[in-house]
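Taken in sequence, the protein lines are chains A and B.
The numbering of the first sequence is the numbering used here, which starts it at 1 and goes up by one.
The numbering of the second sequence is the numbering used here, which starts it at 116 and goes up by one.
No lab work stands behind these hints: they were computed from the structure.
Each hint should be verified, as a subset may be incorrect.
Stated by the list, open to error - EDC-like mimics (lysine to aspartate or glutamate), calculated; alpha carbons at most 20 Å apart, straight line: (1) Lys118(B) - Asp56(A); (2) Lys219(B) - Glu11(A); (3) Lys118(B) - Asp108(A); (4) Lys24(A) - Glu62(A); (5) Lys24(A) - Glu11(A); (6) Lys219(B) - Glu18(A); (7) Lys219(B) - Glu130(B); (8) Lys78(A) - Asp57(A); (9) Lys68(A) - Asp86(A); (10) Lys219(B) - Asp86(A); (11) Lys172(B) - Asp199(B); (12) Lys186(B) - Glu120(B); (13) Lys68(A) - Glu18(A); (14) Lys78(A) - Glu62(A); (15) Lys118(B) - Asp199(B).
For clarity, every value in this text was computed on a predicted model and none was experimentally measured.
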Amino acid sequence: DAGVIQSPRHEVTEMGQEVTLRCKPISGHNSLFWYRQTMMRGLELLIYFNNNVPIDDSGMPEDRFSAKMPNASFSTLKIQPSEPRDSAVYFCASSLASQNPQPQHFGDGTRLSIL
Amino acid sequence: SQKIEQNSEALNIQEGKTATLTCNYTNYSPAYLQWYRQDPGRGPVFLLLIRENEKEKRKERLKVTFDTTLKQSLFHITASQPADSATYLCAPANQAGTALIFGKGTTLSVSS
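Okay, chain A solo, but in the shape it has when bound (with noise of 0.2 Å):
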């Protein structure tokens, strides 16, 4: 089975440039997850979505960051412009909301440095 797949894997781009990450989720699964992680401040949330709907973006940083589901089978997280405090990794991650709690399931991540 595909898992949720991230691309880029590794993104080098200069301060100020707009940077755009992109999520596909499993198939099936209706919630999905971006989230950020440093050394610093470990594993954060940004924001979610259920059945395609943002959720909560208390998470979001900056309006320098959006992010957008436009279908089921794919999300974005784009920043604009960029700055080098942005450089982290970036996870993006599926589940499948239900009464029960499920597992959330993670992309490999995009790298992120912003020189």
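Here the structure of chain A is known, so what remains is to put chain B in place on it, guided by the hints.
Chain B only, in chain A's frame:
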């Protein structure tokens, strides 16, 4: 504010011993708690889930306990192997369908 604490220092043990990792939480009353494993350069992988009304859960060499009075979960790996070396993350949650808040993780190193 809600706070999740895991052993901040790396845990180094010898092969065959039992590894015990701690997850403490404050200002929080989770209904369940999940444990994940993360290898370098990879995303976290789900291991176990335990509910507040379950004291203990087992899966092969893994055992998780959940003490809501102490506000603590313990994660045990028995007969540890070098392949168990990884970072382990705990994630309590209030209810199903909500986002998880993760601890920073404990890095386990098992030497042969």
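Query - 20 Å Cα cutoff - pair Lys118(B), Asp108(A) - result: Violated. Lys118(B) to Asp108(A) sits at ~26 Å, over the 20 Å cutoff.
Query raised in the report: Is it true that the CA of Lys78(A) sits at most 20 Å from the CA of Asp57(A)?
Result: holds (13 Å)
Query raised in the report: Keeping to a limit of 20 Å between CA atoms, is the pair of Lys118(B) and Asp199(B) held or broken?
Result: violated (27 Å)
Query raised in the report: Given the hinted pair Lys78(A) and Glu62(A), is their alpha-carbon gap at most 20 Å?
Result: holds (11 Å)
Query raised in the report: Is the straight-line distance between the alpha-carbon of Lys68(A) and that of Glu18(A) 20 Å or less?
Result: Since the Cα atoms of Lys68(A) and Glu18(A) sit roughly 15 Å apart, the hinted pair holds (cutoff 20 Å).
**Report entry** 20 Å limit on alpha-carbon distance, applied to hinted pair Lys24(A) and Glu62(A)
**Finding:** Answer violated: Lys24(A) to Glu62(A) is near 24 Å, above 20 Å.
Query raised in the report: Lys186(B) and Glu120(B): Cα distance at most 20 Å?
Result: With Cα atoms ~11 Å apart, Lys186(B) and Glu120(B) stay inside 20 Å; holds.
Query raised in the report: Going straight from one Cα to the other, do Lys118(B) and Asp56(A) come out at no more than 20 Å?
Result: The hint holds at about 19 Å.
Report task. Compare the distance between the alpha carbons of Lys219(B) and Glu18(A) with 20 Å, and conclude whether the hinted pair is satisfied. Result -> Distance of about 29 Å is beyond 20 Å: violated.
Query raised in the report: Between Lys68(A) and Asp86(A), does the CA-CA distance stay at or below 20 Å?
Result: holds (18 Å)
Query raised in the report: Does the alpha-carbon distance linking Lys219(B) and Asp86(A) stay inside the 20 Å limit?
Result: Answer holds: Lys219(B) to Asp86(A) is near 18 Å, not above 20 Å.
Query - Lys172(B) paired with Asp199(B) [C-alpha distance capped at 20 Å] - result: holds (19 Å)
In summary, the numbered hints that this structure violates are 2, 3, 4, 6, 7 and 15.
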